[in-house]
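Build the full structure now, drawing on both the sequences and the hints.
Going letter by letter, the sequence shown gives residues 0 to 86 in numbering that gives the first Met the number 0.
These are computed hints drawn from the structure, not numbers from a lab. Don't be surprised by glycine CBs; every beta carbon is placed ideally from N, CA and C. Mixed in with the good hints there might be a few duds.
Cβ pair distances, simulated, as ranges [what the hints assert, rightly or not]:
id, residue 1, residue 2, range
1, Glu31, Leu75, 30 to 40 Å
2, Arg50, Ala76, 24 to 34 Å
3, Gln19, Asn49, 11 to 21 Å
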Amino acid sequence: MSAPARTTQRRNNCFYETHQAMIKTTASLIAEKGIESVSIAALARAMGINRTTVYYHFDSREQLVNEVKAWSSDQLAQAFRQDKPRQ
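In structure tokens form, the structure reads like this:
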């Protein structure tokens, strides 16, 4: 793999990891304080980052919340698949 390809892959991995951390942090904020209290600014404060960074990942609060809903749904479905039926 060439150096530019490795750099691009690393950048993509970092983007994905940050994106997932934002989703998980938002889910925690919702669990702690309720969905009404979640904002781009609240997420940025909780993560110690700039709001611009959040907007780089999400166009709006609505998009952020929708991705948290999808992630939560996936987590729940995965938990059900892993749960073995009782006999």
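Structure-based check of each hint:
For the hinted restraint 30 to 40 Å between glutamate 31 and leucine 75, the CB-CB distance of approximately 19 Å leaves it violated. For arginine 50 and alanine 76, the hinted distance range of 24 to 34 Å is satisfied, since their beta carbons lie about 32 Å from each other. A hinted range of 11 to 21 Å for the beta carbons of glutamine 19 and asparagine 49 is consistent with their spacing of about 18 Å.
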